[in-house]
Amino acid sequence: MDIVRSHPTFVVLGDSAAYGTGDEIKAGQFRGWAGFLADAFQEGCDYFNYSRPGAKSTEVVATQLPKALRQNPDICAVIVGGNDLLRNNFDPVLLYNNLRSCCQQLLAMGSEIIMVELHDPNQLLKLPKLMRQVLSRRVNAVNAVYRKVALEFEIVTVKTRSINNVHDRKNWHIDRMHPGPQGHFMLARNIADQLRKRGWAISMPYQLTLTHRSRSEKITWLLRNGTPWFFKRSFDLLPAAMILMIFEFCKSILEKIYPARKSGDLAFLSKIESDPIKIELLKAS
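In terms of the working numbering, the sequence shown opens at residue 1 and continues consecutively.
Hints may contain errors.
Listed below are the simulated DSSO-like cross-link pairs for lysine-lysine, each with C-alpha atoms no more than 30 Å apart in a straight line [said to hold, decoys possible]:
no.: 1; residue 1: K170; residue 2: K26
no.: 2; residue 1: K129; residue 2: K159
no.: 3; residue 1: K159; residue 2: K197
None of these hints come from the bench; they were simulated from the model.
Produce the entire structure from the sequences given, and follow the hints as far as they go.
As structure tokens, this is what we get:
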């Protein structure tokens, strides 16, 4: 496609991944992939970022979206789901409905929409097995919602896990849940490529010059912010992990009692896996 579109109104909605967490350029000021992207439009852009760390999809559609609509955006990024999945009441059906509502209203204004799938945090975090399983299922559920909405509306979607070397630790913040400066830059480059294919006049440098944090700075950040965050999110995931643990225990007992009937009466257990997250995702499809 010929490059014909320039100087857009660019709006960002979402959570900490949209806000720029992991790329703090000075105290309290975050740039992130959206900041890189805003600087890459060849004739500039009008940039508004209404995202907030901690935001869930309901806040995005109820609070952030009305602000975006007032700007009549040419391009709008909607990056949310990470906080939804880390809560014990995670509901992928609600996430789907919220994301779909957002996209419908933006598309009705003629906006180009950007969405970004989640990475695989288990590639970066060392978690107990049950936590890994629950986290993996929930991340997959969020990405399935993104793919369903993207397919329905033909939306620009970055498949994060398909980016070369995306899980290299140098690309990630010390918390391993948010991109670091290099990761945000990598994400911006991939989004820029997608937008260029759709006719936007945008270009980015090939690489980023970084100022690395010292080891002591990383440890200080982890003790002050990362550890409390990890324990809080672990407790949020605990109910689902407990359900999964009970299921696995019951399944092993039943298979010992009825070893010849694994493919018969016990088959329903394998289908459901006693994980309410998977059950709800099936309802959404």
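Hint by hint, here is what the structure shows:
A C-alpha spacing of about 20 Å is found between K170 and K26, which places the hinted pair at or below 30 Å, so the restraint holds. Annotation: proposed proximity of K129 to K159 holds, straight-line Cα distance about 25 Å (limit 30 Å). Proximity of K159 to K197 is assessed by CA-CA distance (about 16 Å); at most 30 Å being required, the pair is judged to hold.
The structure meets every hint from the earlier list without exception.
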